[in-house]
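Trainee: This is what each chain is made of:
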Amino acid sequence: MSFTYREWWGLIHGMGLGALFLLAFAGGIAGLYSLRPALLTRVGVAERMRRLKIGVVAMAVVAWLTVVSGTWIVYPWYREDTPSSAKSKLLADPSTADWHDFAMEWKEHIAWISPILATIVAFIVLYYGTNLIRHDRVRKTAMLLFVLAFVFAGIAGALGAFITKVAPAK
Amino acid sequence: MSITEQELGTPVGAEIEYPDRPEGPISAAIIAGGIGALALGVVTTLAEASTRVADGLEWSKRVGPLSGKTIVAVIVWLLAWGVLHLVYRNRPFETRRALIIALVLIALGVLGTFPEFFQLFAAE
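Chains as they are written, first to last, in this note's numbering: chain H, 1 to 170; chain R, 1 to 124.
For reference, chain R alone in the conformation it holds in the complex (with noise of 0.2 Å):
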């Protein structure tokens, strides 16, 4: 007779508590990462597009654009996490499709850092 763990513990079950949580601030979180990500691709092509653009994201001259870029996509993604968190703190949005969302939020955004990519849009 094989040994399993349940037969050398208490098995889990009705035990262990689970605090009632709603789905949605997870949801929410998922979104939110996928709008970061396409965050940063969106400046990082629009940066390489436009030299103005590229200018006014030199935030710190020793970093150069990518200091803007990277605070820019992480402000996004925190100001998104803010509020669809508020929208969705108390419903049942399934995580299935809020994944589903952010994996393309986030294709999209690693593309927008693709060089190959964002490098096509470069400017003259």
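Chain H with its partners taken away, still in its complex shape (with noise of 0.2 Å):
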């Protein structure tokens, strides 16, 4: 019972950076969500805005993590030119062949919309800090973009987990 240091690699951009990204994730809008004047008081303000700094910019870095990770590391071994690499096994059968020609291409690209808006939201809390609490507009817009980093990374990552369930790389 072992994995291949591909498999690993696999596991790391999946698994391990995923669960990181969903608590991150939970964290950071819980965090933003909570940031309203009627649940808060003087001292919980400092402790909360610790805990969704935290939450957001570890969404950001592990975002970027996963994308980097996967585009320079896990997707040239799924697209080696060989016919034992994910891709060529896809593309050799054609029931199988939109998992390739949709899913992966849609999961490659659209991944990386995903760190960008989490890099946004990191940088709205750490400039705006406490106005977050009193500007509920700024705040609204910073969990959309929040939830859009979230679900475009949900996307990529459920479209992964099928592909990977179809072929696995080895």
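Since the hints were derived computationally from the structure, they do not count as laboratory data.
Beta carbons are placed, not taken as given, at the ideal position from N, Cα and C, and that holds for glycine.
Just to be clear, a hint being listed does not mean it is correct.
What the hints assert, rightly or not - Covered stretches of chain H, as calculated for chain R (at least 3 residues, CB under 8 Å): (1) 20-33; (2) 70-76; (3) 124-133; (4) 139-149.
To be verified - DSSO-like cross-link-like pairs, simulated, lysine-lysine; straight-line CA separation at most 27 Å: (5) K89/H with K61/R; (6) K87/H with K165/H; (7) K87/H with K61/R; (8) K89/H with K165/H; (9) K61/R with K170/H; (10) K53/H with K140/H; (11) K87/H with K140/H; (12) K170/H with K89/H.
Could you fit the two chains together into a complex? Lean on the hints.
Mentor: Right, here's the structure in full:
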């Protein structure tokens, strides 16, 4: 019972960073949601701002690590010009070709929008700080961008999981 | 009588320090994000439409054209952010307007990365 070097990287990219991404998103979105005057005390503000900053920065960092490791480490193995590569296997069978032509083609591109949006949210939180408490519009804007970053990563992650199920990269 | 959080602690308000920050830099960052997403969609579609563009974006043999597409999108995003930040750093540009602009740009960017769309322009 063991994993190959490539399988380890697939796990780090998909499950390891994916789990961290989920955790950071949950922390970040909860922090942004609760940053309302009615839910805060003076002591609570400092603690929540610290947790919020950690959550949004962590999500941005993890999102970048995920797309960089996916594109520059895992993806080259997927697309190797050999009959045994995952891409070759998918395209060899018309019943699985769409897993490359649609799923992989969309996943490899759309994933990159996620870290861009996550970085913007991290910037907003670090720059605006406690002003988010009194400027509800900016807080809701940050929440929307944060959710969009999560949705784009979710699409890429789900498609990646399906592709790996159909044609694992070994 | 129900217990609220404000009854349990000092209500938030005058005690909190609110640093004086204009909204301009936030709007600049939001619009720049939209521009980055749009850039990704545009280069993805262009690479599909032209083999010359696709070859030109193959900055890494192992990664293929995706290497150039993603790096170009990130560079465009950062440049746009830098320029917009300089322009709006001291201006009260409303984030609502910036968000609408960014959402349109992001939607176009997503469309450009959608295979059913960019494959319409596939080079013969």
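Trainee: Quick one: which hint numbers does this structure break? Sort them smallest to largest.
Mentor: 1, 11
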